[in-house]
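Visitor: First to last, the sequence lines map onto chains A and B.
Position 45, counted from 1, in the first sequence is what our numbering calls 45; the numbers after and before it change by one each time, with no gaps.
Position 204, counted from 1, in the second sequence is what our numbering calls 204; the numbers after and before it change by one each time, with no gaps.
To be clear, the hints were calculated from the coordinates, so they are not data collected in a lab.
Keep in mind that a hint or two might mislead.
To be verified - Which residues of chain A face chain B? A partial, calculated answer using Cβ under 10 Å:
{"no.": "1", "residue": "Leu101"}
{"no.": "2", "residue": "Trp102"}
{"no.": "3", "residue": "Glu114"}
{"no.": "4", "residue": "Thr116"}
{"no.": "5", "residue": "Val136"}
{"no.": "6", "residue": "Tyr141"}
{"no.": "7", "residue": "Leu145"}
Owing to the predicted nature of the structure, the values given are computational and were not obtained by experimental measurement.
In this text, a Cβ means the ideal position worked out from N, Cα and C, and glycines have one as well.
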Amino acid sequence: MINWGAPIWIYLWLAGMAGGAYFVAFLDDLFTRGGSRQLVRWATVLGIPLAVIGVILLVIDLGHPIRFWHLLVAFRVLSPMSLGSWILLVWVGIAVIMTILWWSEQPLALMASEGTVRSARRATRFLSWFELIFSVLVMAYTGVLLATSNLPYGQAQFSCHPSSLLPLPLQEWHCSLSPP
Amino acid sequence: MAKAMLVDVSKCIGCRSCQVACKQWHDLPAVSTKQEGTYENPPELSASTWTKIEFKEFGEDGTFRWLFRKHQCMHCTEASCVEVCPTGAVAHHDEFVEINQEWCIGCGYCVTACPFGAVHREPPKGTARKCVFCIDRVTNGLEPACAKACPTGAIQFGERADLVEAAHRRVQTLIAEGYSNAVLYGENELGGLGYLYVLTDRPSVFNLPENPEVATSMVSAQWFSGIGTAVLLAAVSFWLFFKRKKRIEAIQQSKTEGGAEE
Numbered sequence: 001m002i003n004w005g006a007p008i009w010i011y012l013w014l015a016g017m018a019g020g021a022y023f024v025a026f027l028d029d030l031f032t033r034g035g036s037r038q039l040v041r042w043a044t045v046l047g048i049p050l051a052v053i054g055v056i057l058l059v060i061d062l063g064h065p066i067r068f069w070h071l072l073v074a075f076r077v078l079s080p081m082s083l084g085s086w087i088l089l090v091w092v093g094i095a096v097i098m099t100i101l102w103w104s105e106q107p108l109a110l111m112a113s114e115g116t117v118r119s120a121r122r123a124t125r126f127l128s129w130f131e132l133i134f135s136v137l138v139m140a141y142t143g144v145l146l147a148t149s150n151l152p153y154g155q156a157q158f159s160c161h162p163s164s165l166l167p168l169p170l171q172e173w174h175c176s177l178s179p180p
Numbered sequence: 001m002a003k004a005m006l007v008d009v010s011k012c013i014g015c016r017s018c019q020v021a022c023k024q025w026h027d028l029p030a031v032s033t034k035q036e037g038t039y040e041n042p043p044e045l046s047a048s049t050w051t052k053i054e055f056k057e058f059g060e061d062g063t064f065r066w067l068f069r070k071h072q073c074m075h076c077t078e079a080s081c082v083e084v085c086p087t088g089a090v091a092h093h094d095e096f097v098e099i100n101q102e103w104c105i106g107c108g109y110c111v112t113a114c115p116f117g118a119v120h121r122e123p124p125k126g127t128a129r130k131c132v133f134c135i136d137r138v139t140n141g142l143e144p145a146c147a148k149a150c151p152t153g154a155i156q157f158g159e160r161a162d163l164v165e166a167a168h169r170r171v172q173t174l175i176a177e178g179y180s181n182a183v184l185y186g187e188n189e190l191g192g193l194g195y196l197y198v199l200t201d202r203p204s205v206f207n208l209p210e211n212p213e214v215a216t217s218m219v220s221a222q223w224f225s226g227i228g229t230a231v232l233l234a235a236v237s238f239w240l241f242f243k244r245k246k247r248i249e250a251i252q253q254s255k256t257e258g259g260a261e262e
């Protein structure tokens with residue numbers, strides 16, 4: 001019996017938007033050799049509130065919202081939900097650090113030496129690649145989470161949400177393995 | 001020695017003493033239900049109904065057949081709920097699967113992962129709840145409440161090895177009596193279930209999955225395909241971008257060449 005309602009699929013959409021916006025913006029910037037730097041910044045900055053609102057919805061949907069921190073004192077490799085909570089934490093964390101580094105670019109240029117400015121820029125570049133990997137994980141983990149279940153086929157079709165990056169045939173094949 | 005339960009559906013009379021005993025021992029509230037034209041009640045397991053008898057009615061050419069099966073958590077060895085639990089609240093204690101009610105955050109993942117639909121999460125508790133194999137009774141030398149209450153011996157508690165042996169003998173007897181599809185369920189399913197069933201017909205007739213699978217059996221393939229799709233998307237857009245760039249360059253080149261000729 002599916003017991004995940006509106007907060008969950010709203011979250012799926014928000015997280016898909018946040019992760020997907022960064023993914024597309026980063027690739028555009030990469031292919032145009034830095035021609036879309038501003039797009040990456042917008043995607044990162046706007047992704048933070050989207051992801052945070054999504055996470056708040058997830059926490060609200062818990063049977064015991066106050067206990068959400070139990071997720072962050074455990075690390076369970078086989079549980080996509082455990083991995084997902086860490087993925088979200090890292091994704092938002094990197095986004096915040098990158099935003100701070102961007103915002104501090106101008107004040108830093110006035111105050112600090114050229115070397116410091118350059119190393120800050122290099123750190124941002126390095127983080128942006130990490131963020132790309134985690135944006136893929138943010139989009140993909142929900143699909144893994146929903147496919148890793150024993151829901152009957154009819155309900156599983158709702159679960160195998162298009163916002164996940166998984167190819168649908170594989171989802172359906174997996175879902176069809178579970179009993180009617 | 002591993003303990004287990006043996007449910008012999010051929011001995012069940014559908015009296016539902018086990019349901020009542022379970023509710024009483026665990027102090028679970030009653031559920032308000034509607035009469036749906038069957039003696040089966042309540043209609044499904046829930047956070048406050050940890051065991052129930054499933055009724056199946058078959059009628060062909062004036063004949064009538066009733067099948068009863070006790071339904072509850074199977075206490076699997078390869079338990080999907082244990083695997084998917086993000087906090088480790090669901091865990092094995094010896095051979096029993098228990099949900100730590102103080103640690104469970106109520107995410108509901110185990111509810112969707114269970115191949116038997118035995119775990120439930122409903123208000124007012126908010127945590128996932130299910131049959132606990134009467135761990136309080138068993139660790140104090142008593143049998144579980146449902147086994148104690150069963151008047152026909154359809155629910156037996158004991159050493160797993162003994163029960164498996166007894167169940168095999170019972171299945172042979174049933175086959176000899178004309179139940180040609182009689183089978184023992186739970187001996188090897190999911191690494192061995194804590195609940196063994198002597199069934200008079202195929203498992204699917206009793207709403208049991210013929211080949212239950214652990215929910216995480218495909219998890220690495222799922223991760224791989226998710227990440228693989230992202231790589232594919234990136235590769236395709238990369239390819240399209242450079243194809244377009246090349247074409248634009250070619251057009252520009254032909255334009256400048258054309259201009260030179262004029």
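Visitor: Are the hints correct? Go through all of them and say.
Guide: So, going through the hints one by one against the coordinates:
| no. | hint | verdict |
| --- | --- | --- |
| 1 | Leu101 | violated (24 Å) |
| 2 | Trp102 | violated (23 Å) |
| 3 | Glu114 | violated (33 Å) |
| 4 | Thr116 | violated (33 Å) |
| 5 | Val136 | holds (4 Å) |
| 6 | Tyr141 | holds (7 Å) |
| 7 | Leu145 | holds (8 Å) |
Hints 1, 2, 3 and 4 from the earlier list are contradicted by this structure; the remaining hints agree with it.
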